[in-house]
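Protein chains in written order, with the numbering used here: chain A, 1 to 366; chain B, 1 to 366; chain C, 1 to 366; chain D, 1 to 366.
FYI, nobody ran anything at the bench for these hints, they're computed from the structure. Careful, some of the hints might be misleading.
One copy or two, either will do: identical chains are not told apart, so a pair holds if it fits within one copy or between any two.
[As the list claims (entries may be wrong)] Mimicking SDA-like on lysine to any residue, the simulated pairs with C-alpha atoms at most 20 Å apart in a straight line are:
#, residue 1, residue 2
1, LYS201, GLU274
2, LYS324, THR258
3, LYS47, GLY316
4, LYS201, VAL260
There are 4 protein chains.
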Amino acid sequence: MSLNTFGHLFRVTTWGESHGPALGATVDGCPPGVSLCEEDIQPWLDKRRPGQNRFTTQRQEPDQVRILSGVYQGVTTGTPIQLMIENTDQRSKDYGDIAQSFRPGHADITYHLKYGVRDPRGGGRSSARETAARVAAGGVARAVLTHLVPGFWLTGYMVQIGPHGIDRGRMDIAQIAENPFWCPDPVAATEWAGYLDGIRKAGSSVGAVIEVVAEGVPPGLGAPIYGKLDADLCAAMMSINAVKAVEIGAGMAAATLTGVDNADEIRMGSDGPEFLSNHAGGILGGISTGQPVIVRFAVKPTSSILTPRRTVTVTGEDSDLITKGRHDPCVGIRAVPVGEAMMACVILDHLLLDRGQTGGQRGLIG
Amino acid sequence: MSLNTFGHLFRVTTWGESHGPALGATVDGCPPGVSLCEEDIQPWLDKRRPGQNRFTTQRQEPDQVRILSGVYQGVTTGTPIQLMIENTDQRSKDYGDIAQSFRPGHADITYHLKYGVRDPRGGGRSSARETAARVAAGGVARAVLTHLVPGFWLTGYMVQIGPHGIDRGRMDIAQIAENPFWCPDPVAATEWAGYLDGIRKAGSSVGAVIEVVAEGVPPGLGAPIYGKLDADLCAAMMSINAVKAVEIGAGMAAATLTGVDNADEIRMGSDGPEFLSNHAGGILGGISTGQPVIVRFAVKPTSSILTPRRTVTVTGEDSDLITKGRHDPCVGIRAVPVGEAMMACVILDHLLLDRGQTGGQRGLIG
Amino acid sequence: MSLNTFGHLFRVTTWGESHGPALGATVDGCPPGVSLCEEDIQPWLDKRRPGQNRFTTQRQEPDQVRILSGVYQGVTTGTPIQLMIENTDQRSKDYGDIAQSFRPGHADITYHLKYGVRDPRGGGRSSARETAARVAAGGVARAVLTHLVPGFWLTGYMVQIGPHGIDRGRMDIAQIAENPFWCPDPVAATEWAGYLDGIRKAGSSVGAVIEVVAEGVPPGLGAPIYGKLDADLCAAMMSINAVKAVEIGAGMAAATLTGVDNADEIRMGSDGPEFLSNHAGGILGGISTGQPVIVRFAVKPTSSILTPRRTVTVTGEDSDLITKGRHDPCVGIRAVPVGEAMMACVILDHLLLDRGQTGGQRGLIG
Amino acid sequence: MSLNTFGHLFRVTTWGESHGPALGATVDGCPPGVSLCEEDIQPWLDKRRPGQNRFTTQRQEPDQVRILSGVYQGVTTGTPIQLMIENTDQRSKDYGDIAQSFRPGHADITYHLKYGVRDPRGGGRSSARETAARVAAGGVARAVLTHLVPGFWLTGYMVQIGPHGIDRGRMDIAQIAENPFWCPDPVAATEWAGYLDGIRKAGSSVGAVIEVVAEGVPPGLGAPIYGKLDADLCAAMMSINAVKAVEIGAGMAAATLTGVDNADEIRMGSDGPEFLSNHAGGILGGISTGQPVIVRFAVKPTSSILTPRRTVTVTGEDSDLITKGRHDPCVGIRAVPVGEAMMACVILDHLLLDRGQTGGQRGLIG
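Starting from the given sequences, assemble the full structure and let the hints guide the process.
Structure representation (structure tokens):
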């Protein structure tokens, strides 16, 4: 949690710009002895990869990951894992105008103000392209979690695009991979296609809500007061480009509940206590309960749009800006695998933190 | 951001349990040469103090803060500031039942699972009482911000209780201190009083939404990718007891916006660029724009209620639990000064971080 | 390792000035379930306590430690442990002159330059008194190490005062507590008494070398490249007041050795590999070998002496300064328990770090 | 200071193994607006490069650094700088034996014990080759220091090889680059050549002492209690392969001094206070005085030697090991630019930390 590094013990440092020669992630603190090769990571990058359908940017990047260190004979050695992805489809000419003015709603202006200098090509460091490095790091985290936590399972999906939410009654995890929106409601997915086509043709873009769920998370991960599992999940999701809100469990709706309704009641089951509901999203007091951990985040609409917007230039003149180039009409779609990656990193990090402090022992009930 | 420490350079470590002899905060990294005395901090603690009206717990604590170090002759010395608050109104007998069973919706069970041992008196470390230490640390941060940033100003208020929101057309900052809810809408405040009386008498509790706004925040605070100002604000707010969601600017509603509507357009003003709206909540790309920084968070209802809820005991038996004792019917009320304190700490921390990296110089426009 | 906090997972934050109302340490990340009470910590403070013989400052402080948090019913809860020691024998009038000029060889001038303000009473934060807080924290670390590592054992002692070293042929651990110098060589101890009396009567002071040894340290603690066990030990010892050098194992003498002589050869023993010598001081590549961990550090002479030394005043005038007051003729004596405390903290911290990353599993040999 | 990351604000993460495809450093927190290109960094790598004379390993590596991110149009952007060096002369066949047994005095055995798996090719992560990445990062730090601190200047040199020290009366900084030992005493350099030839031909190796001096360091860098400039320098140097001791200023000799002799007396000069000596090595109370900062460290002899040494195999059998391959007879020679790099990184880091906390303002004298 220091500029470009995330995590306490499983520490991910990402680097690289959209149009530089390469970008990547340095993963430090990975447990040794875990099977890992590039083929374990590539599928998650492929899921995030642009240009796969008409609803994502038409930039064509293979996003081929290379492991440059930290793995020997197919096994992690406990030393830093360098994951590098070369940039191959940089068309910097697309970005000439942007260097001289600031896209409204974009980080162009704040980078300029803070640093006095910025790499305008493709948004430089502020490009969503940086998230490829996170997805690669998340692939490592998933491999370790699979190794350490039998039954661990994690997935993300879109639950809303613009004002159109899914019908949770129709939710089917098997449907997620069957449509371009990672939408678990097939009826909604069909409607969204038409809606987003309209948005795109209108030269606009739209926001979305993503939900990520992890099952099999052991109880006891997270710690008071500032190392809470939900605080770290919140920071992780908010650090993703364009995210403006994060919810855990009932989220904003928790404000509307009474204490009677919000209480996740408990009864003894055959394997210990069982919760009868999960408003908590699997986290109480910042510590996992053993229930599914549920996070949602809202992604704002892409600020690079074809509709002219009022702005100013670097030289201080009023200007109207149209952003040409290849942009996502709903960047939320590609945020799904990014949210998954961040969740995997956070959970693994807290698993390591917990076994550091407690040795992984749990208090008994019954 | 490591268990009980928050911050990069302005680092706050809180310690203490609800019913121990004292609690406090160790503030490290404070700039030297800032006027500071206990009277600068006490008003914020008084604002958070319980027992001031019928809508907060009837526990009576003076919450008198003592500065034990780091200040000499009324000025900060740059060394750690120890802020201690002695606990004086501990009635541990109130908590006998809770030691043997777990309040649904409370951290009782996760502390037990993680640590195998917990201090059940008043919730121990998971008590909202811990937030007094944050408020004290926030008082230090405010004093420093006032010293370093002319025109800095920060306030928090409730915008929703249960399902009842304010009417933003009636919003009046001057009203905040005039009602027990820190509500800027006097009409809503009156309605809320009746509503919360009903909740309380029904032996239940209810959630709330708090908004905190900071004005005068210089542009350029925050940094990619994991040290974003909004990521740290999000972690800060989520680390507060009972918070389940955090929003920046438009928040969850950003998902419903189009790129055309979401763009905060810019025009040159007399003192540089001016934004024509603030969906961004004062933060783009994780870096402050110079506009007001706006954060909202949802607080779930208090889990300690007089209505029986199903739970289990430490020995593994099903049980129905009523939580007697002195509890807040809406813990969100006292979360207002806590949210303010966290925001002050985060903004100061990023101010120090920024001048560390950039020397505080800003890129020019025009 | 950030201003006033030391450690990765077992994190100690010290606070307080020599003549403020109190000083202490906030210990975060302590494993839960460890028996701990004030009586476990007090003996180490008593060992460091001033005024016990004519070779240490005559300030009389009971240095009574209070545990304010993090322990419930005699057991650590995993939450922050606040250790507070009240200052009772502050004679600030002793320090009037020092406020206006700078003791040569003392931190007076650098505090003034850096912060523009300093607490001159007893040296304020730069006083050796701060080390009482470290000793208290070290007492917690020892209790945890005893709980987690059967056979762990740690001790410190003086091996040199001024130019006078011990004869290692006469070394006897049982002698350490039998003389005012924590000296394992009884003959040397007798000689040192006469030598130090002379130094003291001459209005001067003298330096010393301390050695700390830990036995029973499991192999595998420490990590490349910057989290090396020896790098952290080195930082820990160098952070103690007046320390100017740190050695591991053969230390500076390693420079004079050939590779043939320096090699700690290995043979299989009944319980695994055994080293035939320990030039490495129990650490190879920054990771413990399982042999005794051996650290030495040099302490410079106290800068507060009765012999006049040339200096300047705050107002920029040349001046000759005599430092009256109660000062140690050899501050190295009281550094012994401080070095022990730092070593205990570092080893425990790395034990927790190691089990976080590796789960504590070890590679097999044979 | 967390496994493979060093620094508070100027943070360097190194990655890579001796015989992997590449190694490098991720530099985060670099100030923006500093001129930087590969040609600024390469000279320092060339200084460390092996195979330049008969006294260093004959491995031939161009050690060509590439900047993959964080620099745009020849200027740092404030985002992470990835420095990559491809490995080109890996002869892994040289290392067959080492995979099955442990070199005495080498990290082979501790890596095996800790991780259960290690990359034996060229020592993997524990190879001195890792220090190339540090030197590259140090090149960035030097460029920034030159930009921010007029008059800053830093150099390292050998002051002792085996038992043979320099004559300080003959010291001449201009001589450092004129001999293969970076030795400032030309007479000693000639003698050392004969001595080291003997060591090498005997199939052995030898240790050395390196000194690094920085001039023009502003006063006020460093901070109590654990963020002391000397504590961080100490950790930085001790983190270098084969280092066994670190001294600041008078170092171990401080133990032999009296307070009268050790006092660096002060007199007012034309530009403020001037110290009449520098036993302190430019650091008092962990904070720079403005005098030259002086650090020395001892490097043990290379453990890979041609003389057979007793050891054990992975399968637990006694064995006698001769280490063939291309090894440095005195690894201390190549440690000179590494020590320089670490010192540059630490001083820059503390410069940024200081201006974060204090704004870089200094207390007045006179």
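Verification of the supplied hints:
no.: 1; hint: LYS201 - GLU274; verdict: neither (49 Å within a copy, 30 Å between copies)
no.: 2; hint: LYS324 - THR258; verdict: between (49 Å within a copy, 17 Å between copies)
no.: 3; hint: LYS47 - GLY316; verdict: neither (41 Å within a copy, 44 Å between copies)
no.: 4; hint: LYS201 - VAL260; verdict: between (48 Å within a copy, 13 Å between copies)
Checked against the numbered hints given earlier, the structure breaks hints 1 and 3 and satisfies all the rest.
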